[in-house]
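Take the sequences, apply the hints, and build the full model.
So the chains spell out like this:
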Amino acid sequence: MTAPATTARPPIWRDVRYLRVLFQAVVVAVVTGIGLWLWNNVQTNARTTGIPLTLGYLDQPSDITVPGNDLRPTQSVRDAIGVGLGNTVRVALAGIVLATVLGVLLGIARLSTNWLLSRLAQAYVEVLRNVPLLALVIFSYIAVFLRLPRLENATTVGSVFIASIRGVAIPWYRIEGSSLAVAAVIVLALAAGWLAARWRRRVNEATGQPAYRWTVGVATFAVVVVVAQIALGSPVSLSGPAVDGRRISGGITMLPEFAALLAALVTYTASHIAEIVRGSIQAVPKGQVEAASALALSPSQRMRLVVLPQAMRIAVPAIGNQYLNLTKNSSLAVAISYFELTKVTSVSIGNRAPAVPSFAVLLLLYLMLSLALSAVVNIANRRLELVER
Amino acid sequence: MSRLEPATAVGWARVNLFADRRDTVITFVTGALVVVLGFRLLRFVFVTGRWDIVRVNLGLYLYGRYPRDQLWRVVVAVIVVAFVGGALAGIIARRRDAAARAAGTPTDDRRLGTRLRDLAVRVWPLLLLVVVLLALTSTITPTLVALAMLAAVAVGRVLGAAWPRRVDVVFFVLPVLLPFVLLPFLTGPLGWDKWGGLMLTLLLAAVSMLASFPLGLLLALGRRSALPAIRTIAVGFIEFFRGVPLVVLVLMSDQALGFFFPQSMLPGKVVRAMVVFTIFTAAYVAEIVRGGLQSVPRGQGEAAQALGMAPWRVMGWIVLPQALRNVIPALVGQFISLFKDTTLVFVIGLLDPLTVADAVTKQRDFELSNFAESLIFAALLFWVGSYTMSRESQRLERRLGVGTR
Numbered sequence: 001m002t003a004p005a006t007t008a009r010p011p012i013w014r015d016v017r018y019l020r021v022l023f024q025a026v027v028v029a030v031v032t033g034i035g036l037w038l039w040n041n042v043q044t045n046a047r048t049t050g051i052p053l054t055l056g057y058l059d060q061p062s063d064i065t066v067p068g069n070d071l072r073p074t075q076s077v078r079d080a081i082g083v084g085l086g087n088t089v090r091v092a093l094a095g096i097v098l099a100t101v102l103g104v105l106l107g108i109a110r111l112s113t114n115w116l117l118s119r120l121a122q123a124y125v126e127v128l129r130n131v132p133l134l135a136l137v138i139f140s141y142i143a144v145f146l147r148l149p150r151l152e153n154a155t156t157v158g159s160v161f162i163a164s165i166r167g168v169a170i171p172w173y174r175i176e177g178s179s180l181a182v183a184a185v186i187v188l189a190l191a192a193g194w195l196a197a198r199w200r201r202r203v204n205e206a207t208g209q210p211a212y213r214w215t216v217g218v219a220t221f222a223v224v225v226v227v228a229q230i231a232l233g234s235p236v237s238l239s240g241p242a243v244d245g246r247r248i249s250g251g252i253t254m255l256p257e258f259a260a261l262l263a264a265l266v267t268y269t270a271s272h273i274a275e276i277v278r279g280s281i282q283a284v285p286k287g288q289v290e291a292a293s294a295l296a297l298s299p300s301q302r303m304r305l306v307v308l309p310q311a312m313r314i315a316v317p318a319i320g321n322q323y324l325n326l327t328k329n330s331s332l333a334v335a336i337s338y339f340e341l342t343k344v345t346s347v348s349i350g351n352r353a354p355a356v357p358s359f360a361v362l363l364l365l366y367l368m369l370s371l372a373l374s375a376v377v378n379i380a381n382r383r384l385e386l387v388e389r
Numbered sequence: 001m002s003r004l005e006p007a008t009a010v011g012w013a014r015v016n017l018f019a020d021r022r023d024t025v026i027t028f029v030t031g032a033l034v035v036v037l038g039f040r041l042l043r044f045v046f047v048t049g050r051w052d053i054v055r056v057n058l059g060l061y062l063y064g065r066y067p068r069d070q071l072w073r074v075v076v077a078v079i080v081v082a083f084v085g086g087a088l089a090g091i092i093a094r095r096r097d098a099a100a101r102a103a104g105t106p107t108d109d110r111r112l113g114t115r116l117r118d119l120a121v122r123v124w125p126l127l128l129l130v131v132v133l134l135a136l137t138s139t140i141t142p143t144l145v146a147l148a149m150l151a152a153v154a155v156g157r158v159l160g161a162a163w164p165r166r167v168d169v170v171f172f173v174l175p176v177l178l179p180f181v182l183l184p185f186l187t188g189p190l191g192w193d194k195w196g197g198l199m200l201t202l203l204l205a206a207v208s209m210l211a212s213f214p215l216g217l218l219l220a221l222g223r224r225s226a227l228p229a230i231r232t233i234a235v236g237f238i239e240f241f242r243g244v245p246l247v248v249l250v251l252m253s254d255q256a257l258g259f260f261f262p263q264s265m266l267p268g269k270v271v272r273a274m275v276v277f278t279i280f281t282a283a284y285v286a287e288i289v290r291g292g293l294q295s296v297p298r299g300q301g302e303a304a305q306a307l308g309m310a311p312w313r314v315m316g317w318i319v320l321p322q323a324l325r326n327v328i329p330a331l332v333g334q335f336i337s338l339f340k341d342t343t344l345v346f347v348i349g350l351l352d353p354l355t356v357a358d359a360v361t362k363q364r365d366f367e368l369s370n371f372a373e374s375l376i377f378a379a380l381l382f383w384v385g386s387y388t389m390s391r392e393s394q395r396l397e398r399r400l401g402v403g404t405r
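Chains A and B are the protein sequences, given in the same order.
By our numbering, the letter at position 64 of the first sequence is numbered 64, and the numbering carries on one by one without gaps.
By our numbering, the letter at position 294 of the second sequence is numbered 294, and the numbering carries on one by one without gaps.
Fair warning: there could be bad hints in the mix.
Stated by the list, open to error - What the simulated footprint calls covered on chain A by chain B, stretch by stretch (three residues with Cβ under 8 Å from a Cβ of chain B suffice, anywhere in the stretch; the number is not a length):
| no. | segment |
| --- | --- |
| 1 | 114-126 |
| 2 | 360-369 |
What the hints assert, rightly or not - For each label pair, taking beta carbons as the anchor points, the in silico distance ranges come out as:
| no. | chain 1 | residue 1 | chain 2 | residue 2 | range |
| --- | --- | --- | --- | --- | --- |
| 3 | A | Val101 | B | Pro189 | 51 to 57 Å |
| 4 | A | Arg20 | B | Thr105 | 45 to 51 Å |
| 5 | A | Ala380 | B | Thr8 | 45 to 51 Å |
| 6 | A | Arg313 | B | Leu147 | 49 to 55 Å |
| 7 | B | Asp109 | A | Leu295 | 45 to 51 Å |
The hints are simulated quantities; they were obtained by calculation from the structure and are not laboratory data.
Note that the Cβ used here is the ideal one computed from N, Cα and C, for glycine as well.
Here it is as structure tokens:
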């Protein structure tokens, strides 16, 4: 049974096709109108105050001195922003690695059957998660790292760790000779390890023998690195820090600002990651663990082969979000004078750079960082995603 | 793996602390850590910490430069809020009992003493804060105010449980209307730029919370809209504000927002900060609500449509209520973030507790010392607020049975 075909259209004010277009046109007009009004205001204000809206300031001298960097005040704002970007990336990368390690450990401790350990991890998470990050940053800077002793009576642990008002020094690698050769060796070793792992997987798929992909891959990588190290006459060495009169020699010294920001970001983000790890492991259905027990897998096999791969699938998007947050939160450095992007921009505005273009550049850089990071997270996510038919 | 519940303390310890050799080692190592940390913490709080810096400046942390002769306004507002809160608790308890009686399920028959004890356990962080604050004051007035608040809560609770059901609707509308009455009352002849301390934090958080919810809802609907132009605008707005750090936006509100408005229209610093917090939170609220909308089965909307409901009714009566119920915990989480993020006004020099905590150490009496005491006190203010909210949100989550229905 079909309805009789009508050619009569509803009146225009009730015709959905017209209304859709009309509604969208109105919204677009309003949004554009507001945008134009704001832009017009910017131009008027720029004219009356004589502050330009162009990017010409990027080539002006920046007047910025960054502690621990050989940037000269006469160098351009562009160079200063470059240094700031480098510092943002540095603190974000270090933070991501350390926060992941600490967060995963805390998450596992939280699930421990040991009551005391689990409660201690819980206390850590509940305290750190509910305190403003800015309070942690400021606390860690002025109440911890600026209160460290002077270099003469620094806290030292052998030649591994020196903490003083000058910063925190830890061992670091040192390259003698060509660093290009070292990079080439590492790339070569990575390739060898990857090939070895692929070979083991092929063997496993063809014959069913145990793969040991990671063991074989890592071992191959290590062998190549060690052989190259011996063959090239030890170009890479580990140097521990040592107090050398009024300065620290060897190792790498983190400035108090960097160390304070890193410590705050890591402890705070780790508390969030710990909750994600706990939640994702608990979210794996109980039947999975029971089935694994029924197959006589050992506790560690159960964790490694059954629970973790499924928990990872739940955890990765949320942890990726935390990485994004950590990167954006590194801008809190503006409160403690660690010269990353935001601090550099805010100081250069103080040094007469025009505010509107400066912030436009800053926002654009953060958007690019966010996009790049979320692209990486998405790739990881896709690798882990359940393949459904 | 279920375990038998051990009856004695020794049995409990054997299962939970000394199950095997590894467990015992963990217990001793962790125990040593706990003892050392606990000892140092207690010694700092009660012996070595010099809390004079907080004692002297307590008013600054709590209300900044709000004029002292106007403080009665704050007292009145706090007592009104306490009364309304108590009344709401009473109404909810009465309704729950009525529902339980109607359904024939057991009602809540705990004795008054037990109830009070349970309540104290539930809100212990708040009680801790009150005790700390009273310990830091030397006059009688704060204690009287605290007692008056308690009395207001109790009176509200009793009245709320007693009065007839048709009055209830007033009290469900009141929490939404209250800010519009209390804010002008508190601002009085002063203007918002006089607000400071914890009051400023609560003001920023409350206004941004209330304003960001409708905006976020609109953005979420826009993002789910079938109309391409609307969707593009909503997506652009949401993704832009989620991709940039809040600090940068707060800095902009101070240093760049002035360029976007005629000088005559430019509001004060506090209002500009509110606008920034609102827009930023709205972008996140939008994503949360979108998740909720996606969690409602498509059949719900289709069934409503089949019943002949207009599209806006399908959304408003069928889809949105279910979507919002699913995302209440996530929304509370976002508002906790907002509450903590209000500290970012530090970078534009507004006198929130964190700014105060930093500034008072520069007073001559303290000569750049006692940072730890000052900052820990400010952090405690935020910790109590945000921990209480997160606990209540978990309770609510259990009660709503999100994820279990």
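Against the structure, the hints:
1. 114-126: With 6 residues close enough to chain B, the hint holds.
2. 360-369: holds (count 4)
3. A:Val101 / B:Pro189: 51 to 57 Å: Because 55 Å falls inside the window, the suggested range holds.
4. A:Arg20 / B:Thr105: 45 to 51 Å: holds, 49 Å
5. A:Ala380 / B:Thr8: 45 to 51 Å: The hinted range 45 to 51 Å holds for Ala380 (chain A) and Thr8 (chain B), with Cβ atoms some 49 Å apart.
6. A:Arg313 / B:Leu147: 49 to 55 Å: holds, 54 Å
7. B:Asp109 / A:Leu295: 45 to 51 Å: holds, 49 Å
Checked against the numbered hints listed earlier, the structure breaks none of them; every hint is satisfied.
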